[in-house]
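> Read off the chains here:
Number of protein chains: 2
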Amino acid sequence: MKIVSTINEVREQVKEWKKEGNTIGFVPTMGYLHEGHASLIDAARKNNGKVVVSIFVNPIQFGPNEDLDSYPRDLEHDAKLCEEHGVDLIFHPTPEEMYGDNFYTFVDMDVLTKELCGLSRPVHFRGVCTVVSKLFNIVTPDNAYFGQKDAQQLAIIKRMVKDLNMPLSIHGCPIIREEDGLAKSSRNTYLSPEERKAALVLSRSVFLGEKMVKEGERDCKKVIAAMTEEIEKEPLAKIDYVKIVDLSTMQQIDTIEHGILAAMAVYIGKTRLIDNFMIED
Amino acid sequence: MKIVSTINEVREQVKEWKKEGNTIGFVPTMGYLHEGHASLIDAARKNNGKVVVSIFVNPIQFGPNEDLDSYPRDLEHDAKLCEEHGVDLIFHPTPEEMYGDNFYTFVDMDVLTKELCGLSRPVHFRGVCTVVSKLFNIVTPDNAYFGQKDAQQLAIIKRMVKDLNMPLSIHGCPIIREEDGLAKSSRNTYLSPEERKAALVLSRSVFLGEKMVKEGERDCKKVIAAMTEEIEKEPLAKIDYVKIVDLSTMQQIDTIEHGILAAMAVYIGKTRLIDNFMIED
Chain P
1 MKIVSTINEV REQVKEWKKE GNTIGFVPTM GYLHEGHASL IDAARKNNGK
51 VVVSIFVNPI QFGPNEDLDS YPRDLEHDAK LCEEHGVDLI FHPTPEEMYG
101 DNFYTFVDMD VLTKELCGLS RPVHFRGVCT VVSKLFNIVT PDNAYFGQKD
151 AQQLAIIKRM VKDLNMPLSI HGCPIIREED GLAKSSRNTY LSPEERKAAL
201 VLSRSVFLGE KMVKEGERDC KKVIAAMTEE IEKEPLAKID YVKIVDLSTM
251 QQIDTIEHGI LAAMAVYIGK TRLIDNFMIE D
Chain G
1001 MKIVSTINEV REQVKEWKKE GNTIGFVPTM GYLHEGHASL IDAARKNNGK
1051 VVVSIFVNPI QFGPNEDLDS YPRDLEHDAK LCEEHGVDLI FHPTPEEMYG
1101 DNFYTFVDMD VLTKELCGLS RPVHFRGVCT VVSKLFNIVT PDNAYFGQKD
1151 AQQLAIIKRM VKDLNMPLSI HGCPIIREED GLAKSSRNTY LSPEERKAAL
1201 VLSRSVFLGE KMVKEGERDC KKVIAAMTEE IEKEPLAKID YVKIVDLSTM
1251 QQIDTIEHGI LAAMAVYIGK TRLIDNFMIE D
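If you're matching them up, the sequences are chains P and G in order.
According to the numbering used here, the stretch in the first sequence is residues 1 to 281, in order.
According to the numbering used here, the stretch in the second sequence is residues 1001 to 1281, in order.
Treat the hints with caution; some may be incorrect.
[To be verified] With a cut-off of at most 20 Å between alpha-carbon atoms, the simulated PhoX-like pairs for lysine-lysine come out as follows:
| id | chain 1 | residue 1 | chain 2 | residue 2 |
| --- | --- | --- | --- | --- |
| 1 | G | K1080 | G | K1002 |
| 2 | G | K1162 | P | K15 |
| 3 | G | K1184 | G | K1197 |
| 4 | G | K1214 | P | K15 |
| 5 | P | K18 | G | K1019 |
| 6 | P | K18 | G | K1015 |
| 7 | G | K1015 | P | K162 |
| 8 | G | K1019 | P | K19 |
| 9 | G | K1197 | P | K15 |
| 10 | P | K18 | G | K1018 |
| 11 | G | K1233 | G | K1243 |
| 12 | P | K114 | P | K158 |
| 13 | G | K1018 | P | K19 |
| 14 | P | K211 | P | K233 |
| 15 | G | K1184 | G | K1080 |
| 16 | G | K1019 | P | K15 |
| 17 | P | K19 | G | K1015 |
[Claimed, not checked] Some residues of chain P that are not near chain G, with every Cβ distance over 10 Å (derived):
| id | residue |
| --- | --- |
| 18 | M30 |
| 19 | R45 |
| 20 | P72 |
| 21 | E83 |
| 22 | D110 |
| 23 | Q148 |
| 24 | P167 |
| 25 | G216 |
| 26 | R218 |
Just so you know, the hints here were simulated from the structure itself, not pulled from any lab data.
All residues carry an ideal CB built from backbone N, CA and C; glycine is no exception.
Bound-form chain P, shown alone (with noise of 0.2 Å):
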């Protein structure tokens, strides 16, 4: 496994190996990676010939006020796991080797970036859009491949590669849980203990709502009222949203008919948790 800082260093190594023959996988991360990272380059290793691992705490996607500092970092831990789960090139470039001192472009979404946590963090996804673009094109894939655990960040993806006719294909993977229900994510680290057993009442309030739709329920606002009350039980949990959206357009409905998204964002002291489930098509 090769760890690689520069552009052009990915560049040159991709177009050996499309020179070969190879069809490339690509997992775009902001690194500190668990579980969920893995399923995702398992699911890249199956079916490319080679895979690459981008590991950037992208700057532009932080609101002001929010955890760009202290996003958790462990370049020698990610190495570890992509090591074992078959990587065949990390890239972890600086912001600089991003952005360098003079950057004027973007690429942003109207409709799907507006609800949910486009709502409370309004730059976010104009920053996610970017960096995925120019990761894109630098890495050249073949696949790419999403967590499930940031629905609207996938959904958003999707509908960029497709008004854009950029020329990969985006795969999303199911949501990866520790034991006890909660979602894997890189800021559970922040949980203190009494937290993270707080933290559980996002996945209870997930199944809950799930188990309600998958039971026939298709009023929207029941299994929100229900979703919400399950939440407010615990006292350390402190709501952003809880809504069922439009699974392709990311709008709230009253109504369950076709694809539904059913997302939450709910603070546990000063960390921002998400955690959702998804009735398709």
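For chain P, the structure is supplied; the task is to place chain G on it using the hints.
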């Protein structure tokens, strides 16, 4: 020469050509081709295995009161010119093929888009960046060719490619003029015989300014005043702007030191024409 209208047909043809070891040269146009476009095609022909020309009047780069509907179109004439200049493939999609029913994504830029034509045409460059991104992803060229007549567009495209790490090279080609000096433009067809004569104030003003700078004038105000005075001699001309900007940022400057662009947009009757001269670093 092939003429195709679907994205899939372009992708399949280009894939085949690349497999045979060809480089792809690309000239994106809005059609109604003239000798200016032909010079871009010739440049592409000289340096690439295969040459692709797109002909697409891009609706999203026109403002609500601009000339989208009246923009001149003549595919038969365009195909003849392309054939004569050795084009291998014309991509001539419908707006539906390019934008479908729901289109949410856009590529935009700060700073460079805020001056000159960006002031009077606020959605223009967002539409240009978005369609050019799409076309690059569809055609996947090694080289793309743009005219220096649209100098701000050229600077913006170069910057977009750099910022987003798009894997191709951008080439700017000199302005092609009529014998009497008028810069070639598809919009010249809008001019009445009287307006056609009046339109010569643009090139006269450009030649005057260029001469002043080449002879040593460094005060932008003096150059602009002389250029403006020349245009104001013509009663049919109404100035949108005459400005001198830094070539890399498109920001107005007072003193000529590094690379500059002196650019103008002038209405001749109802027709908005542009012209410029550039002094590179």
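> Take the hints in turn and mark each one as holding or not.
Here's how the hints hold up against the structure:
no.: 1; hint: G/K1080 / G/K1002; verdict: 12 Å, holds
no.: 2; hint: G/K1162 / P/K15; verdict: 19 Å, holds
no.: 3; hint: G/K1184 / G/K1197; verdict: 14 Å, holds
no.: 4; hint: G/K1214 / P/K15; verdict: 45 Å, violated
no.: 5; hint: P/K18 / G/K1019; verdict: 12 Å, holds
no.: 6; hint: P/K18 / G/K1015; verdict: 14 Å, holds
no.: 7; hint: G/K1015 / P/K162; verdict: 19 Å, holds
no.: 8; hint: G/K1019 / P/K19; verdict: 10 Å, holds
no.: 9; hint: G/K1197 / P/K15; verdict: 54 Å, violated
no.: 10; hint: P/K18 / G/K1018; verdict: 12 Å, holds
no.: 11; hint: G/K1233 / G/K1243; verdict: 18 Å, holds
no.: 12; hint: P/K114 / P/K158; verdict: 16 Å, holds
no.: 13; hint: G/K1018 / P/K19; verdict: 12 Å, holds
no.: 14; hint: P/K211 / P/K233; verdict: 19 Å, holds
no.: 15; hint: G/K1184 / G/K1080; verdict: 18 Å, holds
no.: 16; hint: G/K1019 / P/K15; verdict: 14 Å, holds
no.: 17; hint: P/K19 / G/K1015; verdict: 14 Å, holds
no.: 18; hint: M30; verdict: 18 Å, holds
no.: 19; hint: R45; verdict: 25 Å, holds
no.: 20; hint: P72; verdict: 27 Å, holds
no.: 21; hint: E83; verdict: 27 Å, holds
no.: 22; hint: D110; verdict: 5 Å, violated
no.: 23; hint: Q148; verdict: 20 Å, holds
no.: 24; hint: P167; verdict: 6 Å, violated
no.: 25; hint: G216; verdict: 30 Å, holds
no.: 26; hint: R218; verdict: 25 Å, holds
The structure shown violates the earlier hints numbered 4, 9, 22 and 24.
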